[in-house]
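Peer 1: Line by line, the protein sequences are chains A and B.
1 is the number of the first residue of the first sequence in this note's numbering; add one for each residue after it.
1 is the number of the first residue of the second sequence in this note's numbering; add one for each residue after it.
Among the hints, a few may not be true.
[To be verified] Straight-line alpha carbon distances no greater than 30 angstroms define the calculated DSS-like cross-link-like pairs of lysine-lysine that follow:
| no. | chain 1 | residue 1 | chain 2 | residue 2 |
| --- | --- | --- | --- | --- |
| 1 | A | K189 | B | K59 |
| 2 | B | K114 | A | K189 |
| 3 | A | K222 | A | K38 |
| 4 | A | K5 | A | K222 |
| 5 | B | K114 | A | K222 |
| 6 | A | K222 | B | K59 |
| 7 | A | K189 | A | K222 |
| 8 | A | K5 | A | K189 |
If you're looking for bench data, these hints aren't it; they were derived computationally from the structure.
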Amino acid sequence: MDLAKMFVNMFVSNGFIGAMIIVGLVTMLAYKIAGLTKGRIHGSAIAIFFGLVLAYIGGITTGGHKGFASIPMFAGMGFMGGGMMRDFAIVSTAFGADLREIKKCGVPGVLSIFIGIFTSFVIGAGLAYLWGYNDVVSMATIGAGVVTFVVGPVTGAALGASSDVIAISIAAGVVKSVLVMIMTPLVAKMVGLDNPQSAMMFGGLMGTTSGTAAGMAAVDPKLVPYAAMTATFYTGTGCLLCPSLFYLVLNMMVG
Amino acid sequence: MAIYGVALLSACMFAGVFLGDVLGGLLGVKANVGGVGFAMLFLILLTNRGIDKGWLKSKSQEGIAFWGAMYIPIVVAMSSIQDVVAALAGGPLAVLGGVLGVAVAFAFIPVLTKMGSKTPAVEQSKK
């Protein structure tokens, strides 16, 4: 009886279940470490960073292009993190957004979402161009990655970007998310982040839900829902605009 | 029943993705145009309506909320299957993109807050 082989086979034939165990363990470890930083860095950001580390390990050890899922035993991660589950989970986050609350937030609140997405996209696409990624699909994907680490891969998948470009877009979004967590408490006073209205602007401009939720929690927990509310819309609006209007305009300018 | 909520969520996703595909076809971009965004919009409209009218019971809402809670874990799994090895070649690009994105966004907060506090003041002076 080959116990090791039986164990590996269990993972291979129940890939999705194994993936949930791994992600659960990674998340637990990440939140433990987040606790040590006294909540300055949110657990979700550390967990995502660990995900990228696993992807690196998988890529280095196998030479494959599917990150951690390149290891046959962990191929189930490819299902859990694949396009179907990702889009499904993103759509579900829209639940809980209250239209009446949104209406209260007014023109500057709506404007903040568009300004946030537009400036991020332009910065990302511009930098991508300077770095030599001068095809429109890569520029749009990296630009969308600066929008958030969700909008990047959604845009990349829709436009057919290569996996390394999608990985850059996720990395850019993760950097942004972590920076928002760290910087928010430090600059809160300077930019006048002390009331519900400015919290809504903040959520709309930054967009990264995990980043804004953790950052605002460190400033004033009462302001978290206001920032999170506009941030929820940011990702959806980004997913709507980046692979469509922004891509088409970029295509006209560059392509 | 939780499945009612999950089914509603799934139907919203299909409606959005289908609309995105159709829009992509009409625009000739061979891509799904904003499908996920449309799906989110449908879900917001339908869940708000369902809760107001009372046909979306709390058990059904739990079904949707569960998948909302799985959002970050799925993003963790998603990040673990990316071609990070290839992306590291563009490492500074990712860092610089993130830094500039945050810096510019922070700079806009005071601008928009001022705009927000001015708008009601203008309305008041009109009255």
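Peer 1: Now tell me if each hint is right for this structure.
Peer 2: Hint check results:
no.: 1; hint: A:K189 with B:K59; in the structure: 42 angstroms, violated
no.: 2; hint: B:K114 with A:K189; in the structure: 15 angstroms, holds
no.: 3; hint: A:K222 with A:K38; in the structure: 18 angstroms, holds
no.: 4; hint: A:K5 with A:K222; in the structure: 52 angstroms, violated
no.: 5; hint: B:K114 with A:K222; in the structure: 22 angstroms, holds
no.: 6; hint: A:K222 with B:K59; in the structure: 27 angstroms, holds
no.: 7; hint: A:K189 with A:K222; in the structure: 16 angstroms, holds
no.: 8; hint: A:K5 with A:K189; in the structure: 58 angstroms, violated
Going through the hint list in order, the structure does not satisfy hints 1, 4, 8.
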